[in-house]
Amino acid sequence: MLINVTHQQSTRAYPGRYQSFTDYKQANFGTKDAVERSYSAYSNSQHERHQAKQHMERMIREGMCKVPKPRIVPASNDRTKLFTPQCTILHRCEDDTGCCGPTQTCAPKTTSEVQLYFYVSSDSYVCIRFKEGFESFSMETRKCIRSKRCTVPQCEYGMYNPHEGRCPKKSDRINEQFSLYR
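Its first residue numbered 1, the sequence shown is counted upward by one per residue in the UniProt record's numbering.
Simulated from the structure, these hints should not be mistaken for laboratory data. Hints should not be assumed to be uniformly reliable.
With a Cα cut of at most 30 Å, we get these calculated DSS-like pairs of lysine-lysine [claimed, not checked]:
| # | residue 1 | residue 2 |
| --- | --- | --- |
| 1 | Lys143 | Lys131 |
| 2 | Lys81 | Lys66 |
| 3 | Lys66 | Lys53 |
| 4 | Lys81 | Lys69 |
| 5 | Lys148 | Lys81 |
| 6 | Lys170 | Lys81 |
| 7 | Lys169 | Lys81 |
Label-pair restraints from in silico Cβ distances [what the hints assert, rightly or not]:
| # | residue 1 | residue 2 | range |
| --- | --- | --- | --- |
| 8 | Asp78 | Pro108 | 47 to 57 Å |
| 9 | Gly158 | Lys109 | 51 to 61 Å |
| 10 | Val73 | Lys109 | 45 to 55 Å |
| 11 | Lys66 | Ser40 | 24 to 34 Å |
| 12 | Lys53 | Ala27 | 31 to 41 Å |
| 13 | Gln54 | Thr151 | 58 to 68 Å |
All C-beta atoms, glycine included, are put in the ideal place defined by N, C-alpha and C.
Start from the sequences, fold in the hints, and give me the full structure.
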């Protein structure tokens, strides 16, 4: 289809009420600085869109909850024993290891038990810190003591305090004795 178009050229390069084309552009499009700011904002938003797209692609590639992700897990919560190494790596599927849809929850389909070996010692240094009140017993140990499945620890400077979950310190004992003379 052939369309004939006639081209008309105006003798004026700008609308009538403006004295120059620059006046017309500034009135309708803003100052040169405003145009540059607008272009810069547009350019930045393009860059931000590109960055957001790259982030989304990375989450699709690396964040999907298809394969369990490695997590650092403490060897034990029992602070009366020294475990070496202190932590291990287990692979988990949890809400903070994968990015599922808004109505889904990341959870394992199946689980398997793994046997890992640690060096375990009741290091005398660790025991001394508990007996001298510098370390509090774990909640697990406190519950065991409370239920009388575990014996009450023999503290160096007084009786075990079940409310604090620790033995008294030497300074606690001294403060207790001197408070009588104050």
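Each hint tested on the structure:
1. Lys143 x Lys131: With Cα atoms ~18 Å apart, Lys143 and Lys131 stay inside 30 Å; holds.
2. Lys81 x Lys66: violated, 36 Å
3. Lys66 x Lys53: At roughly 21 Å apart (the allowed maximum being 30 Å), Lys53 and Lys66 satisfy the hint.
4. Lys81 x Lys69: holds, 28 Å
5. Lys148 x Lys81: holds, 20 Å
6. Lys170 x Lys81: Distance ~23 Å between Lys170 and Lys81 Cα, so the pair holds.
7. Lys169 x Lys81: Distance ~20 Å between Lys169 and Lys81 Cα, so the pair holds.
8. Asp78 x Pro108: 47 to 57 Å: Given about 26 Å between the Cβ atoms, the range is violated.
9. Gly158 x Lys109: 51 to 61 Å: Roughly 53 Å apart at Cβ, these two residues keep to the hinted range, so it holds.
10. Val73 x Lys109: 45 to 55 Å: violated, 20 Å
11. Lys66 x Ser40: 24 to 34 Å: For Lys66 and Ser40 the Cβ distance comes to about 41 Å; the hint is violated.
12. Lys53 x Ala27: 31 to 41 Å: holds, 37 Å
13. Gln54 x Thr151: 58 to 68 Å: Hint holds: Cβ distance 59 Å, inside 58 to 68 Å.
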